[in-house]
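If you want the building blocks of each chain, they are given just below.
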Amino acid sequence: MSPALIDLFLDALTETVIMVAVSGAIAFVAGIPLAVVLVTTAPGGVFQNRAVNRLLGAVINGFRSLPFIILLVALIPFTRLIVGTSIGTAAAVVPLSISAIPFFARMAEVSLREVDRGLVEAAQAMGANRWQIIGQVLIPEAMPGIVAGFTITLVALIGASAMAGAVGAGGLGDLAIRYGYQRFETEVMAAVIVVLIAIVCAVQTGGDLLARRLNKRL
Amino acid sequence: MTRTAYSGSLVGYGQSAVAADADLRPTDEVAPVLVRFDGVGKRFDGPAGPIAALEDVGFQIRRGEIFGIIGRSGAGKSTLIRCVNRLERPSSGKVVVDGQDVGALSDRNLAGLRQRIGMIFQHFNLLSSKTVFENVALPLRFAGRSRKDIEETVRPLLDLVGLTDKRDVYPAKLSGGQKQRVGIARALVHRPDILLCDEATSALDPETTLSILQLLKDINRRLGLTIILITHEMTVIREICDRVLVLEAGRVVEEGAVSEVFARPQAAVTQRFLKAIVPDLPPFIAERIALEPDRGCDMLLRVRFSGESARDPVISELALAFDLTVTLVHGGIDYIQTRPYGNLVISAPYRGQEALSGILDFLRARAVQTEVIGYVPRSH
Ligand SMILES: Nc1ncnc2c1ncn2[C@@H]1O[C@H](COP(=O)(O)OP(=O)(O)OP(=O)(O)O)[C@@H](O)[C@H]1O
Ligand SMILES: [Mg+2]
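Residue numbers (my numbering), protein chains in the order written: chain A, 1 to 218; chain B, 1 to 380.
Rather than coming from a laboratory, the hints here were simulated on the basis of the structure. Be careful, since some hints might not be right.
Below, simulated DSS-like cross-link-like pairs (lysine-lysine); rule was C-alpha separation at most 27 Å, straight line [to be verified]:
| # | chain 1 | residue 1 | chain 2 | residue 2 |
| --- | --- | --- | --- | --- |
| 1 | B | K148 | A | K216 |
| 2 | B | K275 | B | K217 |
| 3 | B | K173 | A | K216 |
| 4 | B | K130 | B | K173 |
| 5 | B | K217 | B | K166 |
| 6 | B | K275 | A | K216 |
| 7 | B | K130 | B | K166 |
| 8 | B | K166 | B | K148 |
| 9 | B | K148 | B | K130 |
| 10 | A | K216 | B | K130 |
Produce the complete structure using the sequences and hints provided.
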């Protein structure tokens with residue numbers, strides 16, 4: 001690869017990392033409260049509320065049923081409202097986050113739901129209030145599973161970020177399409193594939209390691 | 001040393017300090033009623049219509065008692081005990097704890113009441129993500145206590161349950177008995193008046209069960225704690241309870257002092273439970289078993305042995321060593337493959353506690369598991 005191409009490559013890598021990191025962080029921060037609401041409003045939960053539970057479940061399912069590429073286009077007006085433009089890396093973060101939030105919320109919900117009811121009951125018997133049960137029992141106990149779910153979310157985001165080239169967001173996927181596919185620079189295509197595989201492996205390994213360290217059940 | 005420190009720190013803890021010092025158990029006459037159930041009913045909505053888990057349940061528990069509740073699976077035991085700290089709200093009737101109507105408490109007062117009622121569970125319900133210390137400290141953290149305060153409260157409790165060296169270990173690394181000890185320490189951390197035990201020993205082997213029961217009894221004596229204990233094993237009741245209530249299909253079918261109920265069980269369920277402890281004894285003996293020895297009675301011992309000790313003439317050695325007339329009441333030796341397993345009930349004259357401990361030591365030294373079933377008045 002020529003030095004110019006290497007520069008392009010590094011820029012693309014940075015764009016991918018930024019897109020994934022920022023939308024991942026947003027998904028984490030927004031997904032956990034949503035998951036908590038889903039679990040605690042479910043029947044038998046500490047804030048049991050059928051209406052809220054059904055409504056939120058439906059909204060999440062709605063977003064999850066849209067393919068990312070459609071979401072990307074459909075959200076253009078909304079993106080423009082938020083970041084002022086619908087083109088570029090920052091603009092891509094909006095649809096990426098919107099697609100990752102419900103995805104991760106469902107993952108976190110499963111982990112939270114798996115926390116033994118007996119623990120909630122023990123906490124109630126100790127005089128804990130509902131917020132304490134959420135903050136000091138449900139979330140810490142579910143953390144290994146939440147981390148595992150977040151890892152999967154990040155990997156999915158890496159995949160989705162490749163499509164963000166469609167709104168001029170750049171990134172590795174975009175580079176591979178423009179140079180590797182449209183200009184037949186097989187080298188570029190191969191390099192992108194290798195780097196993507198390396199990133200995914202690193203994220204997965206790191207996530208697994210962290211989840212295992214947090215899991216004291218073994 | 002450390003245990004003294006703990007009971008020492010209890011001075012000023014109401015009546016319990018007195019009870020702990022003098023090891024006086026309040027008798028039925030003087031101890032005030034601490035828990036009262038008044039016509040308590042509980043209905044659940046099942047798929048096939050409402051299920052009556054409790055019906056018109058009424059009884060009283062006095063301060064300092066160890067009160068046992070026994071019943072078969074689904075009898076409503078857990079539902080009943082959960083009404084005490086309002087984990088379950090009765091559909092009818094009321095539960096009164098120390099003069100307070102539990103059903104009428106505000107959220108804030110309920111939290112206060114729950115701090116005065118410790119609870120332990122069959123499956124321990126420890127947080128896997130927290131160490132032994134953090135688990136025991138949890139109720140204090142919920143109550144917003146300072147770090148120093150927590151440290152000072154938790155340390156002696158870990159001592160009390162014998163887990164000081166496991167302080168920073170996660171529950172997954174503990175045995176069942178150790179987990180339940182953590183549960184007990186956690187339940188005691190607010191110095192409650194009442195300890196609720198829902199099948200606290202059902203997941204443990206017989207030996208560990210015994211050690212946990214011993215600990216509970218010890219706590220009851222030294223801290224003056226009132227214990228309400230659920231079980232489906234009559235042996236647990238016999239081991240530590242003062243009074244027992246028998247629950248069947250949500251109703252109280254029998255209630256009374258343990259010695260009384262064991263001697264003269266009225267309900268059919270009670271008789272069945274009792275039969276499970278002394279299986280297959282001829283009725284003329286089973287009917288007369290008392291829990292406490294009387295003058296000139298015989299003691300009934302169950303002895304279990306296996307392997308080599310089954311071939312040794314342990315029983316005749318016992319008769320010789322103590323100059324006893326030992327009668328074989330029931331049992332025999334089975335062979336599983338070629339290994340002999342003995343399970344006998346023997347009877348011998350009772351000559352006081354000291355002689356009895358001597359006999360138990362003698363048998364246990366020969367790898368014979370021995371258990372005192374009870375005492376029978378000599379008939380002739
Ligand atoms: N939350 C609930 N919803 C519906 N039915 C329930 C609920 N809790 C208990 N029950 C029913 O109430 C009855 C009594 O249950 P409970 O758990 O009190 O019995 P138990 O004596 O503790 O039994 P076990 O020895 O098996 O623990 C059972 O028929 C049970 O199915
Ligand atoms: Mg139960």
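Structure-based check of each hint:
1. K148/B / K216/A: holds, 26 Å
2. K275/B / K217/B: With a Cα-Cα distance of about 25 Å, the restraint between K275/B and K217/B holds, given a limit of 27 Å.
3. K173/B / K216/A: holds, 9 Å
4. K130/B / K173/B: Between K130/B and K173/B the Cα gap is close to 12 Å, so the pair holds against 27 Å.
5. K217/B / K166/B: Judged against 27 Å, a Cα distance of about 23 Å means the pair holds.
6. K275/B / K216/A: violated, 43 Å
7. K130/B / K166/B: Roughly 12 Å separates the two Cα atoms, so the pair holds.
8. K166/B / K148/B: Distance of about 20 Å is within 27 Å: holds.
9. K148/B / K130/B: holds, 18 Å
10. K216/A / K130/B: Given pair K216/A, K130/B holds - Cα atoms ~8 Å apart, limit 27 Å.
Checked against the numbered hints listed earlier, the structure breaks hint 6 alone; every other hint is satisfied.
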